[in-house]
Amino acid sequence: DTAVSQTPKYLVTQMGNDKSIKCEQNLGHDTMYWYKQDSKKFLKIMFSYNNKELIINETVPNRFSPKSPDKAHLNLHINSLELGDSAVYFCASSQGSGGTLNTGELFFGEGSRLTVL
Amino acid sequence: AQSVTQLGSHVSVSEGALVLLRCNYSSSVPPYLFWYVQYPNQGLQLLLKYTTGATLVKGINGFEAEFKKSETSFHLTKPSAHMSDAAEYFCAVSGGTGNQFYFGTGTSLTVIP
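For the record, the sequence lines run as chains A and B. Just so you know, we're using this note's numbering here: the first sequence kicks off at 1 and counts up by one. Just so you know, we're using this note's numbering here: the second sequence kicks off at 1001 and counts up by one.
Any given hint might turn out to be false.
Claimed, not checked - Derived, one-sided and incomplete: chain A residues facing chain B with beta-carbon distance under 8 Å:
| # | residue |
| --- | --- |
| 1 | Phe42 |
| 2 | Met46 |
| 3 | Phe47 |
| 4 | Ile56 |
| 5 | Val60 |
| 6 | Glu105 |
Unchecked claim - Computed footprint of chain A on chain B, listed as stretches where at least three residues anywhere in the stretch have a Cβ under 8 Å from a Cβ of chain A:
| # | segment |
| --- | --- |
| 7 | 1014-1022 |
| 8 | 1054-1063 |
Treat the hints as calculated values from the structure; they're not laboratory data. We treat Cβ as the ideally placed atom computed from N, Cα and C, and that holds for glycine.
Just chain B, same shape as in the assembly:
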């Protein structure tokens, strides 16, 4: 079975500060991990994904995430927050049969000017 835990339902950072959104997963099979972003009144858009290979994954808009198997984590980071990064962020894991994705409960990112 797979599951995802996102620590912190709300995160606030100052513009220009480091963004760190935490995601831990549980998976009985090798996981495939994803981060999605949802801007207000929009659908979810893929930021980045880890399937195999390099554990540091770069995505759009300057975001990156590192797969750490020993810590069962896939935290999302960005060195310098922009106002436009304010959105809801979802971590997801897949690996089960039947194309099942498991989403975390989401983290709302606020960027303070």
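Pulled out of the complex, with its shape left as it was, chain A reads as follows:
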């Protein structure tokens, strides 16, 4: 039983298209994240949700819109895709409430590799 699952694992699309990546966790965690990993393996946090509420929103183009229908799901929708959006996107979850010290580790999904042509 996969703890944090993302779909799709691979996504190839043309510039200008809109695409979504879905994430679900079955760990009962209340905080979920989206990270972007570029070609140099650098990990950058994009968003964090705690109990469906946005708590971290880093400097990310507003073409990226996260949606959390419930605390077990955090989806990422990307409008008007650009070449620079090509990356691996990781979903993660942790146990911990927003605004308090989080001592728990992050649990990652396997990633969704997005290629924009």
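Given chain A, put chain B in place with the hints provided.
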């Protein structure tokens, strides 16, 4: 504020040799420190973590790390490298509000037969 510096983006060791991956952190509050491993085409997996207590922490696959507050370091070691250890390793620190983790830029470990 917190930050992490990993010295050496690429490290090569011979099979059976000591693995040493360096991590230094900066934190204005007591840090919680983590090492993650990423195998090719996979997500990140926790190797070990330091929160409180014993400063020498043992993790999976024979890895360990020691928290040295005076040196603000959390270096990862393994006495004898295996071919299967070839992967990307990330050091991370947390301690801020809002569940913020700060990752280092990663170290790619190559194991030479």
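Restraint check, 8 Å cut-off on beta carbons, for Met46 (chain A) near chain B
Since the shortest Cβ distance to chain B is 13 Å, the answer is violated.
Residue count check for the segment 1054-1063 of chain B against chain A: does it reach three with CB-CB under 8 Å?
Since 0 is below three, the answer is violated.
Check of the segment 1014-1022 of chain B against chain A for coverage (Cβ-Cβ below 8 Å, three residues minimum):
violated (count 0)
Do the numbers back the hint for Val60 (chain A), that is, is its least Cβ distance to chain B under 8 Å?
15 Å, violated
So, as I understand it, the hint says Ile56 (chain A) touches chain B; can you test that by seeing if any CB pair is closer than 8 Å?
Result: holds, 6 Å to nearest chain B Cβ.
Can Phe42 (chain A) be said to touch chain B, with a Cβ gap under 8 Å?
6 Å, holds
Hint status (Cβ of Phe47 (chain A) to nearest Cβ of chain B, threshold 8 Å):
11 Å, violated
Min Cβ distance, Glu105 (chain A) to chain B: is it shorter than 8 Å?
5 Å, holds
Figure legend: structure checked against the earlier numbered hints; hints not met, in rising order: 2, 3, 5, 7 and 8.
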